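Engineer: Each residue of the sequence shown is one higher than the one before, starting from 1331 at the first, in the working numbering.
Certain hints may be false.
Beta-carbon label-pair distances, calculated as ranges [claimed, not checked]: (1) Asn1393 - Glu1348: 17 to 23 Å; (2) Gln1360 - Ile1428: 29 to 35 Å; (3) Ile1379 - Asn1407: 27 to 33 Å; (4) Thr1429 - Phe1352: 22 to 28 Å; (5) Asp1343 - Ile1396: 30 to 36 Å; (6) Asn1407 - Phe1352: 29 to 35 Å; (7) Glu1433 - Gln1411: 17 to 23 Å; (8) Gln1414 - Gln1340: 30 to 36 Å; (9) Ala1342 - Val1374: 16 to 22 Å; (10) Gln1395 - Glu1349: 34 to 40 Å; (11) Ile1396 - Ala1342: 30 to 36 Å.
No wet-lab data here; the hints were simulated from the structure. A quick note: this is a predicted structure, and the numbers were derived from the prediction, not measured. We put the beta carbon where it would ideally sit given N, CA and C, even for glycine.
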Amino acid sequence: MAKLMIQYQQPADKKGFEEYYFHTHAPLAQKVPNVKGSSINRVVKAQNISLDLYMIIELEFENLQILQQTMATPEWNDVMQDAQNLDKFLNEPPIIVITELPERESPLL
1331 MAKLMIQYQQ PADKKGFEEY YFHTHAPLAQ KVPNVKGSSI NRVVKAQNIS
1381 LDLYMIIELE FENLQILQQT MATPEWNDVM QDAQNLDKFL NEPPIIVITE
1431 LPERESPLL
C-alpha cells in the first residue's frame, strides 16, 4: 500500500479555506482514479512539532507504482491545478508526504 498525505497548517482564512476545499477542491479530488481509500482528518493536537497543523488528507493506493501512474492522469492534473486556488487562504503551502508500507513477514505491532 502507498499513501499520499497532504498536511495543511492553520489557514489565514479558515472559513474561505473550508468553503473552497469542501465545495470545489474535494469534488475534483473525488474524480481521481485508483484511490482505494481516503480520509480528511482535523488535527486536534500534535506533539514534538513546531508547526500548527490544521488538517491532514490521506489518499490510499494499492501500491507506489499505481500512485505514480495516477499522478500522470488528467484528473490528477485538474486537482493539482485547482490546488493553487487554495493558496490565497493559506499562510504556508501544504506539506506533501508519500509513504509506502514495506512488505514484512510479521506485523510491526
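Engineer: Between the beta carbons of Asn1407 and Phe1352, is the distance compatible with 29 to 35 Å?
Structural biologist: Given range 29 to 35 Å: violated, Cβ gap about 21 Å.
Engineer: Determine whether the Cβ-Cβ distance between Gln1395 and Glu1349 falls within the hinted range of 34 to 40 Å.
Structural biologist: Taking Cβ atoms as reference, Gln1395 and Glu1349 lie about 36 Å apart, which means the hint holds.
Engineer: For Ala1342 and Val1374, compare the CB-CB distance with the range 16 to 22 Å and indicate the outcome.
Structural biologist: Distance hint for Ala1342, Val1374 holds at roughly 20 Å.
Engineer: So the hint says 30 to 36 Å: do the beta-carbon atoms of Gln1414 and Gln1340 match that?
Structural biologist: At 19 Å between Cβs, range violated.
Engineer: Given a hint of 30 to 36 Å, does the C-beta separation of Ile1396 and Ala1342 actually sit inside it?
Structural biologist: holds (35 Å)
Engineer: Starting from the hint 29 to 35 Å, judge whether the C-beta atoms of Gln1360 and Ile1428 obey it.
Structural biologist: At roughly 20 Å between Cβ atoms, Ile1428 and Gln1360 fall outside 29 to 35 Å, so the hint is violated.
Engineer: Does the Cβ pair Thr1429, Phe1352 satisfy 22 to 28 Å?
Structural biologist: holds (25 Å)
Engineer: A range of 17 to 23 Å was offered for this pair. Does it hold for the Cβ distance of Glu1433 and Gln1411?
Structural biologist: At 35 Å between Cβs, range violated.
Engineer: In this structure, is the beta-carbon distance linking Ile1379 and Asn1407 contained in 27 to 33 Å?
Structural biologist: holds (31 Å)
Engineer: Do the Cβ positions of Asn1393 and Glu1348 conform to the proposed distance bound of 17 to 23 Å?
Structural biologist: violated (32 Å)
Engineer: Taking the CB of Asp1343 and the CB of Ile1396, does the distance hold inside 30 to 36 Å?
Structural biologist: Because 35 Å falls inside the window, the suggested range holds.
The earlier numbered hints that this structure contradicts are 1, 2, 6, 7 and 8.
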